[in-house]
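Taken in sequence, the protein lines are chains A and B.
Residues 1 to 388 (my numbering) make up the first sequence, in order.
Residues 1 to 388 (my numbering) make up the second sequence, in order.
There may be inaccurate statements among the hints.
Identical copies go unnamed one by one, so any copy, or any two together, can satisfy a pair.
Derived EDC-like pairs: lysine to aspartate or glutamate, alpha-carbon spacing no greater than 20 Å straight-line [claimed, not checked]:
hint	residue 1	residue 2
1	11	241
2	152	5
3	204	366
4	275	66
5	386	107
6	152	80
7	152	103
8	104	272
9	104	5
Hints listed in this document are in silico derivations from the structure and should not be mistaken for laboratory results.
Protein chains: 2
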Amino acid sequence: MAFSERVSRLKSSLIREILAAAQRPEVMSFAGGLPAEAMLPKVEWAQMPAAMGQYGMSEGEPALREALAAEARALGVDCEASQVLIVSGSQQTLDLAAKLYIDKGTEILLEAPTYLAALQIFQLFGADCLTVPLQADGPGLGALRERLQQHKPAFAYLIPTFQNPSGVRYSEARRDAVAAMLDEFDVTLIEDEPYRELNFDGGKAQPIVSRLKKASWIYTGTVSKTLLPGLRVGYLIASPDLFPHLLRLKQSADLHTNRIGQWQALQWVGTEKFKGHLVELRDFYRVRRDAMQVALEQHFGDLADWHVPQGGLFFWLTLKQPLDTRTLLKPALEQNIAFMPGEPFFAEPDANPGYLRLNFSHIAPERLSGGLERLAAVVRQAQAAKVA
Amino acid sequence: MAFSERVSRLKSSLIREILAAAQRPEVMSFAGGLPAEAMLPKVEWAQMPAAMGQYGMSEGEPALREALAAEARALGVDCEASQVLIVSGSQQTLDLAAKLYIDKGTEILLEAPTYLAALQIFQLFGADCLTVPLQADGPGLGALRERLQQHKPAFAYLIPTFQNPSGVRYSEARRDAVAAMLDEFDVTLIEDEPYRELNFDGGKAQPIVSRLKKASWIYTGTVSKTLLPGLRVGYLIASPDLFPHLLRLKQSADLHTNRIGQWQALQWVGTEKFKGHLVELRDFYRVRRDAMQVALEQHFGDLADWHVPQGGLFFWLTLKQPLDTRTLLKPALEQNIAFMPGEPFFAEPDANPGYLRLNFSHIAPERLSGGLERLAAVVRQAQAAKVA
Numbered sequence: 001m002a003f004s005e006r007v008s009r010l011k012s013s014l015i016r017e018i019l020a021a022a023q024r025p026e027v028m029s030f031a032g033g034l035p036a037e038a039m040l041p042k043v044e045w046a047q048m049p050a051a052m053g054q055y056g057m058s059e060g061e062p063a064l065r066e067a068l069a070a071e072a073r074a075l076g077v078d079c080e081a082s083q084v085l086i087v088s089g090s091q092q093t094l095d096l097a098a099k100l101y102i103d104k105g106t107e108i109l110l111e112a113p114t115y116l117a118a119l120q121i122f123q124l125f126g127a128d129c130l131t132v133p134l135q136a137d138g139p140g141l142g143a144l145r146e147r148l149q150q151h152k153p154a155f156a157y158l159i160p161t162f163q164n165p166s167g168v169r170y171s172e173a174r175r176d177a178v179a180a181m182l183d184e185f186d187v188t189l190i191e192d193e194p195y196r197e198l199n200f201d202g203g204k205a206q207p208i209v210s211r212l213k214k215a216s217w218i219y220t221g222t223v224s225k226t227l228l229p230g231l232r233v234g235y236l237i238a239s240p241d242l243f244p245h246l247l248r249l250k251q252s253a254d255l256h257t258n259r260i261g262q263w264q265a266l267q268w269v270g271t272e273k274f275k276g277h278l279v280e281l282r283d284f285y286r287v288r289r290d291a292m293q294v295a296l297e298q299h300f301g302d303l304a305d306w307h308v309p310q311g312g313l314f315f316w317l318t319l320k321q322p323l324d325t326r327t328l329l330k331p332a333l334e335q336n337i338a339f340m341p342g343e344p345f346f347a348e349p350d351a352n353p354g355y356l357r358l359n360f361s362h363i364a365p366e367r368l369s370g371g372l373e374r375l376a377a378v379v380r381q382a383q384a385a386k387v388a
Numbered sequence: 001m002a003f004s005e006r007v008s009r010l011k012s013s014l015i016r017e018i019l020a021a022a023q024r025p026e027v028m029s030f031a032g033g034l035p036a037e038a039m040l041p042k043v044e045w046a047q048m049p050a051a052m053g054q055y056g057m058s059e060g061e062p063a064l065r066e067a068l069a070a071e072a073r074a075l076g077v078d079c080e081a082s083q084v085l086i087v088s089g090s091q092q093t094l095d096l097a098a099k100l101y102i103d104k105g106t107e108i109l110l111e112a113p114t115y116l117a118a119l120q121i122f123q124l125f126g127a128d129c130l131t132v133p134l135q136a137d138g139p140g141l142g143a144l145r146e147r148l149q150q151h152k153p154a155f156a157y158l159i160p161t162f163q164n165p166s167g168v169r170y171s172e173a174r175r176d177a178v179a180a181m182l183d184e185f186d187v188t189l190i191e192d193e194p195y196r197e198l199n200f201d202g203g204k205a206q207p208i209v210s211r212l213k214k215a216s217w218i219y220t221g222t223v224s225k226t227l228l229p230g231l232r233v234g235y236l237i238a239s240p241d242l243f244p245h246l247l248r249l250k251q252s253a254d255l256h257t258n259r260i261g262q263w264q265a266l267q268w269v270g271t272e273k274f275k276g277h278l279v280e281l282r283d284f285y286r287v288r289r290d291a292m293q294v295a296l297e298q299h300f301g302d303l304a305d306w307h308v309p310q311g312g313l314f315f316w317l318t319l320k321q322p323l324d325t326r327t328l329l330k331p332a333l334e335q336n337i338a339f340m341p342g343e344p345f346f347a348e349p350d351a352n353p354g355y356l357r358l359n360f361s362h363i364a365p366e367r368l369s370g371g372l373e374r375l376a377a378v379v380r381q382a383q384a385a386k387v388a
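Pulled out of the complex, with its shape left as it was, chain A reads as follows:
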């Protein structure tokens, strides 16, 4: 069996296996990033034109590209519809970017921690991952400058708004500084923003790509966290020098994104109805975030430290006594609790023990306390065993 060299780096996906285990109905899952079922909006299909059944353009539906460009301009991103490419969920942006940039040994720059599935696809293509530790308001600037002085990464992949997994939102000052540094060293920015609209406490977060003066960029988003993930509709907006390459890569990957989902997304993006839905969504998730905070203080106050996330879908816990949280997975599942160990979110998992990512969007608040109590007991037992 002669597979490609990259297949030797094709790891079994922890996400997939946990989600599989977490699908047993008796399991309470803090693992995934699933929207709450109750907040999936009711959508109508009756008005969809029959033409949406025919082949479409690789770029995506023109009206949807216009609507997304208008949204991005409202955020301060200087762009035209011609720079918008509709993708099969924003995960596909990462696949296209990997194809565009990464050969075996290509250096790229990532946050530590960073999005697990991004790490997987970049490493699959053979990337060497440089990392910059995240602080409470963004990446450490000293470390960032040092990496850029000593290396020439093909791109920097950043999730500046309610980062997955850490929940960090870069401050305005940090955004300016990061943009200036990427311009100075002429490093392409890939800015991933699935969680931008899940903002519970207000505050500004203008995209970093809008602050660039020189560097190339790809900005990517999705309707998966705000509308319906099952549509598999995301988008990227790219600087004009990158767009033609990304378009050809999109075409060779799957010809074009499904038009049914694109049509549905167009019924929402930029509308008053969607704005109303987003207000409801924020209110709903804010209640769950607050309930999670109360339950965490009760059960994890002595076990871990964390910041209250101001948006997104996750709490990121730092255990006071670090241990390999992957070892907690089996005993937790035996208690019918699923969670996401922190190690796989790092390019060097073994060097970063002691973090847990806990989703708060999917579990009803009244069930939280019981679940976290059981998870805390699993942590305590593992720590006691380690000491003994």
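Fit chain B to the known structure of chain A by using the hints.
Just chain B now, kept in the frame of chain A:
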């Protein structure tokens, strides 16, 4: 700008540019492989469960996997639902296969001619393409044996049923012989069957994968030619040794295929309603195929040779006086006619001048004659200019 090495092989897609030009309403297009608008079935969405809006499994919807496995078993393919992966159109199968097998310099085996977009993605990943010329009833067996004796290709990619572009359907004897030879040399088969159901004149064509005794295999199909291409729903069925790798590659590419389209496909696959639709579709396209044959005899009888295709969507013309048919594209478009030059369907385009691929599904029969007359005039003019 430091792109990956593979981007240097990222060609501008002729398909995309022609389809863009062919979208002008005044252009009569023989270029694409679009289903006739009139034959896109009316579909209902009212009964779709709200749960289809949530994230789904990377494997695809369980019921659809079951239905597709049952269809494949009815064709003689020994498989279970656990071997079925739902993909974002069968183009994605080619992307996943390229990732699974191809490093720079990996040898693969293709028909000559072969599907343009397959050639593009395999070459993007750096494949060295070995080719076997197609004859009227399949690949030349002497040439196939010679390639397999002298090389060890990672896989053979074949389109045995109403091949794109040639329209060739392998005979039963040729299918047996190819299967035996792939077994003998233990070469993986990727069998691509988008056109299987578009069978106008009856006759058997049991999949080659069902005849393998030893070699690994991927069988791929789609609902794009029989239901609605805009759904972007295809599938692959793989031998159990390959499935786990393909599943992980699918997950890293786009998490999962859109569930909306999967649900719609499930309303049709294997049903009496679908069988009835396929009968109508065959009747409709048979009339168009026959009309095309009449019009071709009238206008191209002295210019080209061809076989009447027994299925699929294309006539494949061999000019009696070969010339580079890419040079015909501009004068044809000036006459508001689009067609597909033959050269890009070959791994060595410049060594294979003188073929044209003409689609017959998309143009109303009463318009054919005028269009082919103008195209024939373009060919005559180019040949006269060449002689002069």
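Verification of the supplied hints:
1. In this homomeric assembly, residue 11 and residue 241 come within 20 Å of each other (Cα to Cα) only across copies, at 16 Å, whereas the closest approach inside a single copy is 33 Å.
2. Proximity of residue 152 to residue 5 under the C-alpha cut-off of 20 Å is restricted to the inter-copy arrangement: shortest distance 16 Å between copies versus 24 Å within a copy.
3. Taking CA atoms no more than 20 Å apart as the test, residue 204 paired with residue 366 passes in neither setting, with 32 Å inside one copy and 61 Å between copies.
4. Proximity of residue 275 to residue 66 under the C-alpha cut-off of 20 Å is restricted to the intra-copy arrangement: shortest distance 18 Å within a copy versus 40 Å between copies.
5. For a Cα distance limit of 20 Å, the shortest separation of residue 386 from residue 107 qualifies neither inside one copy, at 37 Å, nor across copies, at 52 Å.
6. In this assembly of identical chains, residue 152 and residue 80 lie within 20 Å of each other by CA distance neither inside one copy nor across copies; the values are 29 Å within and 48 Å between.
7. For a Cα distance limit of 20 Å, the shortest separation of residue 152 from residue 103 inside one copy, 14 Å, qualifies, whereas the shortest one across copies, 24 Å, does not.
8. For the identical chains of this complex, residue 104 and residue 272 are neighbours neither inside a copy (47 Å) nor across copies (50 Å), given an alpha-carbon limit of 20 Å.
9. Taking the shortest alpha-carbon separations for residue 104 and residue 5, both the intra-copy value of 9 Å and the inter-copy value of 10 Å come in at or below 20 Å.
Checked against the numbered hints above, the structure violates hints 3, 5, 6, 8; every other hint is satisfied.
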